[in-house]
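Undergrad: Letter by letter, the chains look like this.
2 protein chains.
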Amino acid sequence: MTATAERQDQDPSESTMTTPRPRPSFPLPIGLLAVALAACGGGTNPSSGGGGADVLSLMRARGLSEADVTAALKTYTPSGKHDEYLTFASGGHGGNLIVIGVPSMRIVKYIGVFTPEPWQGYAYGDDATERVLDGGNRFGKRVEWGDMHHPALSETKGDYDGQYIFVGDKANARVAVVSLKDFMTRQLVTSSLIQSDHGAAFVTPDTDYVIETSQYPAPLGGGYAPIEEFNEKYRGAAIFWRFDRQRGLIDTAKSFAIELPPYMQDLADAGKLVSDGWAFMNSVNAERSYGGNLEGRPALEAGASQGDMDYLHCINWRLAESLVKAGKTRTIGDMTVLPLEVAASEGVLFFVPEPKSPHGVDITPDGKDIVVGGKLDTHATVYSFEKIKALAEAKQFAGKDPYGVPILDFKASIRGQCEIGLGPLHTQFDDQGFAYTSVFIESVIAKWSLKDLKVVHKLPMHYNVGHICAAEGDTVSPDGGYLLGMNKWAMDRFTPVGPLLPQNFQLIDVNGAGEMQLLYDMPIPLGEPHYAQMIKADKLKTIEYYSPVGSNPITHEKDPEATLAKQERVERRADGVHVWMTAVRSHFTPDTIRVKEGETVHLHITSVEQAHDATHGFALGSYDINLSLEPGRHSNVRFVADRAGVFPFYCTEFCSALHLEMAGYLLVEPKS
Amino acid sequence: MTATAERQDQDPSESTMTTPRPRPSFPLPIGLLAVALAACGGGTNPSSGGGGADVLSLMRARGLSEADVTAALKTYTPSGKHDEYLTFASGGHGGNLIVIGVPSMRIVKYIGVFTPEPWQGYAYGDDATERVLDGGNRFGKRVEWGDMHHPALSETKGDYDGQYIFVGDKANARVAVVSLKDFMTRQLVTSSLIQSDHGAAFVTPDTDYVIETSQYPAPLGGGYAPIEEFNEKYRGAAIFWRFDRQRGLIDTAKSFAIELPPYMQDLADAGKLVSDGWAFMNSVNAERSYGGNLEGRPALEAGASQGDMDYLHCINWRLAESLVKAGKTRTIGDMTVLPLEVAASEGVLFFVPEPKSPHGVDITPDGKDIVVGGKLDTHATVYSFEKIKALAEAKQFAGKDPYGVPILDFKASIRGQCEIGLGPLHTQFDDQGFAYTSVFIESVIAKWSLKDLKVVHKLPMHYNVGHICAAEGDTVSPDGGYLLGMNKWAMDRFTPVGPLLPQNFQLIDVNGAGEMQLLYDMPIPLGEPHYAQMIKADKLKTIEYYSPVGSNPITHEKDPEATLAKQERVERRADGVHVWMTAVRSHFTPDTIRVKEGETVHLHITSVEQAHDATHGFALGSYDINLSLEPGRHSNVRFVADRAGVFPFYCTEFCSALHLEMAGYLLVEPKS
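Protein chains in written order, with the working numbering: chain A, 3 to 674; chain B, 3 to 674.
Same shape as in the complex, but just chain A (with noise of 0.2 Å):
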C-alpha cells in the first residue's frame, strides 16, 4: 500500500487558491475507468470503502460514459481555481470579442469593440470611448456595429506576448486595437480604400504590423464605377497597418497599402522565421464574377466556382515597404499605395495556383511551410516557401495572371498534399509535429503528421466546424495539448432557444501522438465566432485599477478633469454647466445637480475607490446614459439638458448594502 499512502500526502484538496498548471493532456486508460470501478466499488454500505460506487451512481442518473468521466474531470474547474489558458474568439457580427477559459469553457468577459455596449460603458455617454468609436466612422458617420472574423494577439518573436489583441470588422473594413492590460478597446481604424476585409487582422512576428486585406473587390477609395467595369476598376488591396507599440496605437500615417487584382482575397497569415518578412494570403474567384442572378448572370457562389484553381498571394512585406519608403506609391483617399504594377513588376507579389475555393491559409510553426485548404477540394495543400522564395528570386515563371503578375508553377511550389476528406478549412499545428485540419462539408477535425503527410485520425464535430484554434497554436512555439473546434451549426446540442442557435465550440483533448478526446460542448451565447487564438493565462498582466486616480481609461493618464476627494464644485461656463464628481461607496458627489432647460451639462466623474472590483456605474435616467466606473477610472459626459423635469441617477453596479441609495437628482427648471 505503499503507493496509497503516497497518494494521500499529495492530498489534492490541499491545493491552494493560486492557479494550478497542470499539463493539460495525458494519456489516460480510460476504457478501464469504470470497469474498476464497478468491480471494486460494488457495495451499498459507504463505509465498506464501496465510495467507487458513488461515481458509478452518479454516472448512472446523469447518462455519463466513461469518457464523459474523464472529460470531466479534465474540465472541470472548482471555485477558486483559475484557467490554464485564455482563448480570445470574435463576436462575429455581435460585434464584440469572447474571452474563454480553458479548460473549464467558461466564457469570464465579452469585450466591446466595434457595438456600443452599456455594461462596459462602452460609447454611452463616455466622451473617451465615444472617440475610440468615431475613429471607425465611415464616410463620416457613425457606424454601431461590426462583423469581427479574426483576432491576433500582438507577438514579439512570433510568440504571444499578451500585450494587446487586433481584431478585424468584415462588414465596414475597421481594425480595432485592445489592450490587455485592462481589456479596453483603445482604437478603432478604417480607410476609405477599401470597402470590406477578411483577411484582418494577422500581425506580423513582432507585430510591426497589422494586415487588413479585403475581402469583395470595389473601386479603391470609396468611389462609383459600373459594375461591368468591374475588371478594369474594382479592386482588392492589403493594408499593413503599422503598429507603435510604445504608444499601444496603429501609427494610420505610417501605414500602407498593396493594391492586388479584384479577386476576393480571403485569409492571410504572416511568415515567421525563415519566412519572415513574408506574407500569405489566399483568394477565390480568380473567375472574377460579382453575380447578378437577376440580371442573366450567375450568382456569385456558382461564378466564382467555375474554375479549378485560384491563387495564393505571396507578398514580400519587408520589400514592399522599402519601396513605400523609396515612394513608389500613390495616394487613394486616405492611405498610401503601392500600386499593382509595381508590386507585380518589382517582386513584391507573386501567384500560386491552389485548389479550388481555398479558404484557410495558415503557416507552419518553423515557418517553412504554407498550409491551404479549398473549401471544395479534399487536400491539405502544403506549399513550400523554400521553393516559392527560389522560384520567384530566379523569375522562374509559369505564366502572368491578366494584371501581370507573376504565376509560379502549382507542382513546383508545393511539398505535398494531405489527401484529407471534402471540404478542409483551417489548420492548426502542436508541439509533437501533428497539424489539425477542419473539414467542414465532412464535419470532422483531421490529425495528420507534418512529416509523412498521413492522416493518423479523425474526431467527428458537431456540425460543421469552420475555424479551429489550438493553445498557442499561431506561434513560433505552439504547446500542444487543447484544441477547439468552432463548428457552425450546433442543431440538437444544446436546450432549444429558438430559431436562432448557439454556435457549438467543442474543446479537445489533442493527447499527444494519440486519438483526439472530446472533452466539452460549450454554447456561443452571442454573436458568431469566426477565429480565436488561445494564449497561457499567466502571459497576461492585467491591472486591478486605474492609477493614478481618474485615469483616462484609453490613455491610462490622469485625465486633465479628474476630481478627486473635496475638489467637488459646479461651475457655470461659457460652454454651460460643469460638473465635478466623485463617485464612492455609496455617494455622488455633488448628488444634486440643478440646471436650466437647454443647459449643455459637462459631468467630470471620478471613481475615488482603488479597492479591487469596486466598480461603480453612473446612470442617467431618459437620457440614454451610463458609465461604468471602474475603480480609479474618470469618465467625461457631455449632453443637453433638453428636456425640463425630474431625471434621478444613481449607481448601476451593486456596490455596497447601500447601494440602492447611491443615487441623486439631475434637476432640469423649464425655461418659462
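Errors might be hidden in some of the hints.
BS3-like, lysine-lysine: derived pairs with alpha carbons at most 25 Å apart [claimed, not checked]:
| no. | chain 1 | residue 1 | chain 2 | residue 2 |
| --- | --- | --- | --- | --- |
| 1 | B | Lys358 | B | Lys256 |
| 2 | A | Lys143 | B | Lys460 |
| 3 | A | Lys453 | A | Lys389 |
| 4 | A | Lys143 | B | Lys143 |
| 5 | A | Lys256 | A | Lys159 |
| 6 | B | Lys235 | B | Lys330 |
| 7 | B | Lys673 | A | Lys143 |
| 8 | A | Lys598 | B | Lys235 |
| 9 | A | Lys673 | B | Lys143 |
| 10 | B | Lys159 | B | Lys183 |
| 11 | B | Lys673 | A | Lys235 |
| 12 | B | Lys598 | A | Lys235 |
Don't read these hints as lab results, they were simulated from the structure.
With the hints as your guide, set chain B onto chain A.
TA: Just chain B, lined up with the frame of chain A:
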C-alpha cells in the same frame, strides 16, 4: 457480484441524445469517494483493474478534492445531452436577458431587450424590431440601453407556464415582453408617470398583470418640481400593466397605476393562493431624504438610514381594479391613476412597519407568509397574510402615515422572525419546507426551516451574494434540488480580465434536508444580473423556424411584403426603390441593386429556408445595417442611399461551404 452485474446492464453510455431528466440532487457519501478509489485503485497496471487510480491521477494533476469530483459529475453535461433547467437572468445595465442551462451552467443565449444587438438583427435596420425598441422611447426619444433588474416568467395558476418572460428597466422605467416561442423581445412599454422603477417585473398568478413599481420618487407624469417640495409633489407609483395573453402583448389602455407616497418603493411580489389578489412591496427611506451632500444636506445613504422602520406596502390590487373600473381615477400623463387618497381610504393600501433598510420581499409557495429581509438587519421577518388581512378588515390600525395610509401593528402582523445573520436580502423556497435567504454582508446563504424559523445550515458565498434563484422557486410548487447564488463581487475567483470583473453565479445542490453543497462557479461575462428565475426546460415549446415562410417575427404572421422564390423583383415607387429579395443557401436574389444617390431604398427580404439552424444574416457595409434571417423570417429595411459608391452586402452567418460567396453589391450612382 449480482449488484455489479445489474449496474453493467444499465450501462450509462447507452443513454440516448435526448435530454436525461434524473433527479438533480441526491445525498452522496462524498467523504469516502477518494479514499475508496485509492484503496482499490492502487495498481499501476491498467489491466489489473486499477482504473480508479486514473481518477486519482486526474484529481492530483488538477487539484481536485473529493467534493470537486462529485460536483464535476453533478454538473458536467456531455455533448448532445440537454440541461434539465433553463435559468433566465437579467443582464443588468447590459440591457439584455441571459439564458443559462442548469446544471451545466452554460449560457445558451443572450436575448437583446433594451439594448440593440446586431447578431440577432435586433434594431440594426430591421423594421419590426426597430418598432419594438421605439415602444420604449422616453420623451419621444430613443433610449438604447436599459438596466434590467427582475425577470418574471408568465404563470398559470401560480406555476411557470413557459410562454413569456417580462423584465423591467430600472433606469428608464420600462417593461419588456419576451416571447419564449422564439426568444424574441416583442414589446417595450413605458409611461411618463414614473422616472425609474425597481419592483419590476412581477406577475400575478395568472399573468393578468405585470407589476412595475417606481424606485426614486419624482413628480408623477414627468413634470418639474423643486426638490424642496419633495414631500408635497414627489410621488411613487405601482403600475399594473394588463397582459393580453391572447395577443401576447401588454394592453396599455387597460393598465392602471396606484399613486404611492414618496418613499423609495423597492422589490415587489404578488400574492398567490390564499393571498391571490394582493401584492406586496417594501420600501426604504420613510425618512423622505433626498440627498444634497454638496448643499448641506445628508447624502441619501445616510439620510435614508436614520429611522428604524420602513413600510411594507400591502396592496389589494383586485379591489384597486374594481375601483378603477368604477372610475375613481385621474389621468396623469398617459396613465390612469388611482389617487393615493383613494387607495388609502378605500382599503387598497396598508402599511406594516419592516426592519431597517428592507430589500427583498418574497411570498411563500403556499401564499400564507411574506418574508422580508432588511439590509441593515439580522432577521428574516415572516409576516402572516392572514393576520394582515384580519387587521385590515377589522380596520385595526396602529396609526397612519403622513399621507393617510393606515399602518398595521408590526408585532400583530408577523408570524415571527428568523435570526439569520447580518444583511439578509432575498428568500427562495424548496419542496421540503425550507427557505433560503441570501445574507449580503455576512456573505452566506442561510437555509432555514419555514416551520420553526430556525437556521439549519449556512454556506459561504464568493462574495457578497445578492439575489438567489431556486428551481421553479417563485411558483406555488418549487422543485428543490438547485439553488443559484448571484454574487455581486467575484474578486479572485476567475482569471483576471482587467478592472471590470465578471460576477460570480454559484450553483448549489440544496440536498434535501441536508447541508447545501457548492457545485459550480460561473462567471457572468457581460452585464450584471440582479435576479433570475429557473424553469424546467421541457416546459418551453420553442419553434425551430418561422412558419409560414415570410413571417414577421413579432406578429408571427406572414408579412405583407413577404417574398417567395420567383417573386423577387425591383420596383420604383413614389417613396423610393423597393426590392423584394429572397435568401437561401448560398445567394440573395437579386444580388445586384442599382440605385441613385439620395434615393430611399426599401429592402423586403425573406429567408425561404425551413431547415433547423439554417440562419442567414444580411449586412450592408458602411450603412450600419445588419439583419438576422432565421429560417422563414422576413425583414423589412428602409434607408436613404445618401453616399455614392459601391457597397458590398453579404450573409453574416456561416451558412454553407459557399457562404463567403453569398454576397452582392449595392451600386449607388452619383447624382451628377
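Undergrad: Now, for every hint given, state plainly whether the structure supports it.
TA: Hint by hint, here is what the structure shows:
In summary, the hint linking Lys358/B to Lys256/B is not supported, as the alpha carbons are separated by about 36 Å, beyond the 25 Å threshold. Simply put, Lys143/A and Lys460/B have alpha-carbon atoms about 55 Å apart, too far for the 25 Å limit, and the pair is violated. At roughly 17 Å between alpha-carbon atoms, Lys453/A and Lys389/A fall within 25 Å of each other, so this suggested pair holds. Between Lys143/A and Lys143/B the alpha-carbon distance is near 20 Å, which keeps this suggested pair within the 25 Å criterion.
For the hint linking Lys256/A to Lys159/A, the alpha-carbon distance of about 21 Å falls within 25 Å, and the restraint holds. As the CA atoms of Lys235/B and Lys330/B are separated by approximately 21 Å, the hinted pair is consistent with the 25 Å bound. About 20 Å separates the Cα atoms of Lys673/B and Lys143/A, which keeps this hinted pair within 25 Å; it holds. Straight-line distance between C-alpha atoms of Lys598/A and Lys235/B comes to about 19 Å, which keeps the hinted pair within the 25 Å bound.
Among the hinted pairs, Lys673/A with Lys143/B is consistent with the structure: their alpha-carbon atoms are about 20 Å apart, no more than 25 Å. For the hint linking Lys159/B to Lys183/B, the alpha-carbon distance of about 20 Å falls within 25 Å, and the restraint holds. Distance restraint check for Lys673/B and Lys235/A: the Cα-Cα separation of roughly 20 Å lies within the 25 Å cut-off, and the hinted pair is therefore satisfied. Distance restraint check for Lys598/B and Lys235/A: the Cα-Cα separation of roughly 19 Å lies within the 25 Å cut-off, and the hinted pair is therefore satisfied.
Checked against the numbered hints given earlier, the structure breaks hints 1 and 2 and satisfies all the rest.
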